[in-house]
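Q: Sequence order for the protein chains is A and B.
Sequential numbering from 15 applies to the first sequence in this note's numbering.
Sequential numbering from 84 applies to the second sequence in this note's numbering.
Be careful, since some hints might not be right.
[As the list claims (entries may be wrong)] Just a few of them, taken from the derived set where beta-carbon distance is under 8 Å, the chain A residues facing chain B:
hint, residue
1, 67
2, 70
3, 76
4, 78
5, 79
6, 83
7, 172
8, 191
9, 198
10, 312
11, 315
12, 323
13, 324
[Claimed, not checked] Here are the simulated distance ranges between beta carbons:
hint, chain 1, residue 1, chain 2, residue 2, range
14, A, 305, B, 182, 53 to 61 Å
15, A, 206, B, 399, 52 to 60 Å
16, A, 340, B, 265, 44 to 52 Å
17, B, 282, A, 155, 54 to 62 Å
18, B, 389, A, 152, 52 to 60 Å
19, A, 321, B, 207, 44 to 52 Å
20, A, 165, B, 256, 50 to 58 Å
21, B, 416, A, 217, 51 to 59 Å
22, A, 128, B, 201, 38 to 46 Å
23, B, 256, A, 305, 30 to 38 Å
24, A, 192, B, 129, 53 to 61 Å
25, B, 249, A, 155, 58 to 66 Å
Keep in mind that the hints were calculated from the coordinates and are not lab data.
Glycine included, each C-beta is placed from N, C-alpha and C at the ideal position.
If you want the building blocks of each chain, they are given just below.
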Amino acid sequence: MRMPRATQRPPLGPGSDTAEPEQLADPSGGWRPTVSGVALVVALLALIAVAVTTQRFLTLDNARAILASTAFVGITAIGATLVMIVGSAVSMAVSQTATVVAMMFLATQQLGLWTAVLIAVAAGVAITAAQGAIIGFWNSNPIVLTIAAGFAIGGIATWFSGGTPVYPQTQAFDLLNATPLGLSLAVYVLLGTAVLAQWVLSRTTAGRQMYLIGENRAAARAAGLPVGRVTTLAWAFFGACIALTGIFLASFNTSATVTLGGTLTLDAIAAVLVGGTAITGGRGSALRTLGGALLISTISDVLLLRGFPTGAQILTKGLLVLAVVVIVHVRTTRSWR
Amino acid sequence: MLRIGSLRFGFLAGSLCLALLATACGGNTAGPPAPSGGSTSLEGKTLALVGYGSANPWGAYFNKVFGEQLASTGIKINDMTTMDPGTQIQKFNQAVAQKPDLIVLAILDTQAMAVPIQKAKAAGVPVLVFDGPTDPSVANEVMSVLSDNEKLGEFAAQNIIEGLQAQGRTSGKIIVLTGTKSMLVTQDRMKGFAKVLATAPQYQVVEERDANWDPKLSGEIAQQLLAKYGRDGVQAAYGMADYMALPIIQAAKQAGIPVGGKDGLIVTGSNCFKAGIDSIKAGELYGTATEDPGTIAKQTADYVVRYLTGKNPPQSEIVQEERVTAATVDRFAEQCSHA
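From just these sequences and the hints, can you work out the full model?
A: In structure tokens:
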């Protein structure tokens, strides 16, 4: 079925991803600097200056390390972008889902690598899409629902494993630790996932509907858009991304405990927010999330190279998220005026 | 046709039913096995286990073995385990209010637990701490069965020195990924590590990073540090637990840095897990040390029985730790393969 004409092009207006260039351009077509725009440019220039004057920053090995440390969080963050754009805010069950998927992946290694991958991805999609369906069809609060889901999934993981690590019976998974052309396989999957997500968002009917639903769910429902179905689709894609992260995490660590997911939930949210996706929905892009994840990794890398402790890296991440959220909020509010 | 309201109500009711069913059927599966009576009769005695939660692999196996060891004594064990420091203090205070014959405690936040321990002392409830030590201000208020964390750090340094010397290196740079630095366990391990490393000044620590007992964070930091120092810039690495040392190995392999062997990166852990044992056998992890949950659980259970039967055990006992390398791995493989 074809979409109505009005929804076939990327949405415009306050919630639109294309709204930002409009804010920088005056009606005559010239560039009109805004406080937030100038702040962003200055901050980026400062980062570049600090980075290039940091010893060993401009090396191939360091670039590889930045990309590799971006991959795990980045893949999940790309999926989380669709969920945020469709207006479902965030999921608080990411770490637990990645952990369960990692356990299933390692526990089924004896069935063959690709069978184990399929089982793991199917599990990730099923667990996450089920939450999306409840949110999409029944308007459940995503934060409350996913906190509950996180406890349930974490409980199942502990019950299933008895708290002990899950070890694989074969080492077939080691293939996923390969480094073609010197880059870990997870980096290629991150790039592929970002391109796929961007294509879905900008070139498919469902993707465009995600922006419309995120911008105004009630209006989208009134207009007859399939809110439940599209929301579930976004969450299903998110589930596949979480599963891929779980698979790579399991392969990297060679075993899976119930704490394997670590801080993945908040790291992924941070990457999406730093990318400028609005937590209220209707605005954002997968490529910008990729940029957000890369920016966080680059800043962490610079701080580490300059000898700052781990705490300083976490603090900087928090301040960065706060700054970007404020800037996005200010720009969104202004564009409504 | 069903209305949405009915569907929501049905969903809610279904969820509640499932939760109740799970509660009813679940029983006490997470806790230690019930006492079955036996040789040492301590029927009627109660013990509150405010230990590590079973979400932690070390804690899960400790709880299992501890329960099994005491099953025949008749002691009633209240499972109050958790991995959250805040929750642990609440549970500890609940345990004090219940006035058990003994509280068995694994401390998650050393400083925050000092005041609750003083309250237990004031209430006349004895406390036995296992694994990590208490805050020094209350060390005399408790009994303890402690891991020898300083020794674990010493073993890690010995592994690195031995590995680098075997490669014929006359100098070497070392990176260290620690557990949470604010924990005394971490500080004690680093104290032992630094003491032994000082005997070989040609090998120097160039980076010491807090990886917070987190395998994912350990991998990320290792990737960045190995890039910072380049392929020939680091010769050895210490990950404070095996699950922190293995991500270092994986990060090195992905960066094209050889591991182990005649000229590869020497990597050591300092408390053993099955994955670490497998890695030693594969020639990648140079070594680790015991601090396995089974051994400390047995010694703690034994202490409990001695205390409750009035045998006046010493106020503090240290668990014997062992160094594990390729030369001794077969001896400790079984002991280290339960977590």
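Q: When you take the CB atoms of residue 321 of chain A and residue 207 of chain B, is the distance between them in 44 to 52 Å?
A: Once the Cβ atoms are compared, 50 Å apart, the range 44 to 52 Å for residue 207 of chain B and residue 321 of chain A holds.
Q: Grab the minimum C-beta distance from residue 70 of chain A to chain B and call the hint holds if it beats 8 Å, violated otherwise.
A: holds (5 Å)
Q: Can residue 79 of chain A be said to touch chain B, with a Cβ gap under 8 Å?
A: holds (4 Å)
Q: Is 54 to 62 Å right for how far apart the beta carbons of residue 282 of chain B and residue 155 of chain A are?
A: holds (60 Å)
Q: Does the beta carbon distance between residue 389 of chain B and residue 152 of chain A stay inside 52 to 60 Å, or does it fall outside?
A: holds (58 Å)
Q: Minimum Cβ distance from residue 324 of chain A to chain B below 8 Å?
A: Holds: closest Cβ of chain B sits about 5 Å from residue 324 of chain A, inside 8 Å.
Q: Determine whether the Cβ-Cβ distance between residue 416 of chain B and residue 217 of chain A falls within the hinted range of 51 to 59 Å.
A: At 55 Å between Cβs, range holds.
Q: Can you tell me whether the CB distance of residue 192 of chain A to residue 129 of chain B sits inside 53 to 61 Å?
A: This hint holds: roughly 55 Å between Cβ atoms.
Q: Should the hint that residue 76 of chain A touches chain B count as held when the rule is a Cβ pair under 8 Å?
A: holds (4 Å)
Q: Classify the hint on residue 198 of chain A as holds or violated, based on whether any CB of chain B lies nearer than 8 Å to its CB.
A: holds (5 Å)
Q: Is the interface hint satisfied for residue 323 of chain A? The criterion is a beta-carbon contact with chain B at less than 8 Å.
A: It holds, given that the least Cβ distance between residue 323 of chain A and chain B is near 7 Å, below 8 Å.
Q: Would the hint on residue 315 of chain A be counted as holding, given a Cβ-Cβ threshold of 8 Å to chain B?
A: holds (5 Å)
Hints 1, 10, 16, 20, 22 from the list above are not met by this structure, while the remaining hints are.
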